[in-house]
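Undergrad: Sequence:
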Amino acid sequence: MKYHIDTIPVWDAVKQDCECFLCALETRTEQQEAERFLGASVMEPDIRIQVNRQGFCRNHHRMLFGMGNRLGHALMLESHTAESIRTVSACLNDIKKAAGAASGSILSKYGRSGQAVKKSYEEAVGRLADAAGGCILCEAVHTYMQRCCETVLLLWENDSEFRRQFSGTKGLCLCHLADLLRLAPQVLSSRLVPEFADAVEKLEKPNLDRIQEDISWFIKKFDYRYEAEPWKNSQNAVQRTCNKLRGACLPEDQASSGR
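Per the working numbering, residue 1 is the first one in the sequence shown, and the count goes up by one each step.
Because the hints were derived from the structure by calculation, they are not lab data. Computed from a prediction, not measured in an experiment: that's the story for all the values here. Worth double-checking, as some hints may not be accurate.
[To be verified] Derived DSS-like pairs (lysine-lysine); straight-line CA-CA distance at most 30 Å:
# : residue 1 : residue 2
1 : K170      : K221
2 : K205      : K15
3 : K118      : K96
4 : K15       : K202
5 : K202      : K170
6 : K205      : K232
Could you build all of it, start to finish, from the sequences and the hints given here?
TA: As structure tokens, this is what we get:
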């Protein structure tokens, strides 16, 4: 399989020494997308329209704020807030109407009329929840990672060198493991799906056992009987275990004895 714009990032990621190479790729992509939204994209009308409609989740607001570009962040917030006010005002108006209709009707809890009022109320609340729950950055990262997972499967199917690199990694976090296995029947030829599942099992099980041993040894080091023993590979076992089970959330390069 030839190198091209989609395969190069995956090749770079699979060579990294971490608990999930797809998490490493996702983290890099998330950083790049955040920089893009705070950079020249601030002034692009089509991007602003999307941001106005979806906004950012709390985690990505925290990330954007931490990047120090207050003006870029404020510019995004200004127009998104204006759009949010229009949406919230419309939702609250519909909610008030539905609530008033329900309280003024003896059929508010019974019969078709009551059910229609209840549906109108719930739909308006649902629109309000949607306005608070969107995130254009989450969507961008998710879309890109879907393509990356497809690329991983195609490389595994068509490139023997990639298979060798893949089998030499520390495995995947459980989230990306599920993503790959979910996509496998859609991307791989049917005869290769069992082979891929077998390859993943042989890769993942030993690495989960390794994580289990490291976290157990980390705990033992707090027992005075093991105080003189070496830490082995357990000093950052807490970080790596969290990352393996739930996806990259803690920096693996920060060793901490916890004492």
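Undergrad: Now tell me if each hint is right for this structure.
TA: Each hint tested on the structure:
Restraint check for K170 and K221: the C-alpha separation of about 24 Å stays at or below 30 Å, so the hint holds. For a cut-off of 30 Å, the pair hint linking K205 to K15 stands: about 20 Å separates their Cα positions. Restraint check: the Cα-Cα separation between K118 and K96 comes to about 12 Å, which is no more than 30 Å; the hinted pair holds. Taking the CA atoms of K15 and K202, the gap is near 18 Å; set against the 30 Å cutoff, the hint holds.
At most 30 Å may separate the alpha-carbon atoms for a hinted pair to count; K202 and K170 meet this at roughly 11 Å. A distance of roughly 21 Å separates the Cα atoms of K205 and K232; the hinted pair therefore holds under the 30 Å criterion.
When each numbered hint is compared with the structure, no violation occurs for any of them.
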